[in-house]
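Student: Spelled out, the chains give:
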Amino acid sequence: MQLCTISQSSITYAVKARDALADAALPSRIVKLDPSRTRRGCAYGLEIDCRMVNSAVGILDRRGISYSEIVGAQS
Amino acid sequence: MIYFDNAATTFPKPRGVRDEVARCLREYCGNPGRGAHRLSLAAAEKVYDTRRAAAALLGSDAPENVVFTLNTTYALNIALKSLIPPRCHVVISSLEHNSVYRAVRAMGESGVEYTVLDIPDISLPYGKFCDVFMDRLRTAVRPDTKAVAMTHVSNLVPIRLPAERVGAFCAERGLRFILDAAQSAGIYDIDITSMNIDAVCAPGHKALYGPQGVGMAVFNPKYRDVHALPTIIEGGSGVNSAEPVMPAFLPERFEAGTLPTPAIAGLCEGIRFVSGVGTANIRAQLEYLGEYMTRGLTKLGAVVYAPQYYGESVLFNVPDMTCTEASRRLDDAGICTRPGLHCAPLGHKTLATGDGAVRASFSYFNTTREIDAMLREMRSW
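Sequences listed follow chains A and B, in order.
The first sequence runs contiguously to residue 75 in our numbering.
The second sequence runs contiguously to residue 456 in our numbering.
If you are wondering where the hints come from, they were derived from the structure by calculation, not from laboratory data.
Incorrect hints may appear among the rest.
Computed beta-carbon distance windows for the label pairs [stated by the list, open to error]:
#, chain 1, residue 1, chain 2, residue 2, range
1, A, GLY58, B, THR442, 53 to 63 Å
2, B, PRO319, A, ARG37, 15 to 25 Å
3, A, LEU26, B, PRO218, 50 to 60 Å
4, A, ARG29, B, ALA97, 23 to 33 Å
5, B, ARG217, A, ARG37, 25 to 35 Å
6, A, LEU26, B, LEU100, 31 to 41 Å
7, B, SER269, A, ARG29, 35 to 45 Å
8, B, ALA331, A, SER36, 42 to 52 Å
9, B, PRO200, A, ALA24, 50 to 60 Å
10, B, THR443, A, SER55, 26 to 36 Å
With a straight-line Cα cutoff of 25 Å, these simulated SDA-like cross-link-like pairs (lysine to any residue) come out [to be verified]:
#, chain 1, residue 1, chain 2, residue 2
11, B, LYS424, B, PRO237
12, A, LYS32, A, CYS4
13, A, LYS32, B, GLY310
14, A, LYS32, B, LEU114
15, A, LYS32, B, ALA117
We treat Cβ as the ideally placed atom computed from N, Cα and C, and that holds for glycine.
With these hints in hand, go ahead and build the complete structure from the sequences.
Tutor: Laid out in structure tokens, this is it:
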């Protein structure tokens, strides 16, 4: 399974986003992003099956939960 | 021991609060929002749970707008100094605690001027009191007024200022409204959205029954991108670390440094306790105790200030005795009260207490038997 990461502003938004996805039965895991992979240094993200990214982003958009970027696929 | 100083901090705390603080320290107290290991995430989850509980208590659907601070004073300083721009005018009331009065006064360095709105005669029927208060507020506002900052309930006597009407007025006039809920959160219902409040500031350790070490500034859900709001403390935020400035979003913009996780964990349980009992039931108990003590003190010949207002606190003086002496005698008898000016010189001047007074203040756990014991002791003087 290839994993993608939806970058969040902070741990606060990562928990909020994870809970929103969990409400829609979409599993995700909170991870810390390597500073080399973000524009601003330390960041948190939600690791998710890449096949679910579009669904996840749609849920976050509908719930008004912002995200910074989608960080590339990892095996 | 009988504890009548709950307006300073509530004691004892509900068992759930004590247990959760201990459980946090024992099981999951990593640093929230710094690492991503299980202990850090467990701590972050609890912090978020508390944000969610606090937001719900205050009628907000935005847990991320709950900023945790050390106490109400820090929360008020953050709210006042971020929401009130330089070189403008602010209205405060004549009941304000020093956490509003001193902060607003210090903002004079950035050109902020203020008007102290004298509250109406407290002997007026409450409805008329509020009408006159609003008339005075309308008069106090100037073309350069940008905000109203006021206490919801005085920390001296349980006078409740008409926050709903002030909020509506501020919304109509485009003014920001900062509410000091130090003595009302957990006792009165506060809805940050319907009451048009820009920021509610409250302690965790008073009527929310949490431990000392946590307070909160809860920003209205309309505040999303807050990059334009100035910070007063800068430091580590756990995110955007490569940037030389604090994050542009809540809550992290105003939460520099490590959060007081055990205190926040305890606060979560305190809010759960308050929600379980219900603010209406808590308020009814406090009003009953306040009336009971007021009647008892009046029969003894004590001077009770604002005796027609019943609630969490009773402010009084004993004839021919300083407030400090009266409080010391009560302490000798195992009864805790607080004498002096209660960090509210404006309020004492408004109530004309002279050199201060004794404040007895209740929690949900106090009883009329404890009040009887205090009155019995005072009868023996």
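Student: Does each hint hold? Answer for all of them.
Tutor: Against the structure, the hints come out as follows:
1. Against the hinted window of 53 to 63 Å, the Cβ-Cβ separation of A/GLY58 and B/THR442 comes to about 56 Å, which satisfies the hint.
2. Between B/PRO319 and A/ARG37 the Cβ separation comes to about 20 Å, which falls inside the hinted range of 15 to 25 Å.
3. The hinted window of 50 to 60 Å between A/LEU26 and B/PRO218 holds, with their beta carbons roughly 52 Å apart.
4. Checked against the hint of 23 to 33 Å, the pair A/ARG29 and B/ALA97 passes, with Cβ atoms roughly 29 Å apart.
5. For the pair B/ARG217 and A/ARG37, the beta carbons lie near 52 Å from each other, so the given range of 25 to 35 Å is not met.
6. Separated by about 34 Å at the C-beta atoms, A/LEU26 and B/LEU100 satisfy the suggested range of 31 to 41 Å.
7. For B/SER269 paired with A/ARG29, a C-beta distance near 37 Å keeps the hint of 35 to 45 Å intact.
8. Roughly 25 Å separates the CB atoms of B/ALA331 and A/SER36, a value that falls outside the hinted 42 to 52 Å.
9. Between B/PRO200 and A/ALA24, the C-beta spacing of about 53 Å keeps the proposed range 50 to 60 Å intact.
10. At about 59 Å, the CB distance of B/THR443 to A/SER55 disagrees with the hint of 26 to 36 Å.
11. Among the hinted pairs, B/LYS424 with B/PRO237 is consistent with the structure: their alpha-carbon atoms are about 21 Å apart, no more than 25 Å.
12. A distance of roughly 13 Å separates the Cα atoms of A/LYS32 and A/CYS4; the hinted pair therefore holds under the 25 Å criterion.
13. Taking the CA atoms of A/LYS32 and B/GLY310, the gap is near 20 Å; set against the 25 Å cutoff, the hint holds.
14. Between A/LYS32 and B/LEU114 the CA atoms are separated by roughly 13 Å; this keeps the pair inside 25 Å, and the hint holds.
15. Distance check on the hinted pair: A/LYS32 and B/ALA117 sit about 14 Å apart at the alpha-carbon level, within 25 Å; holds.
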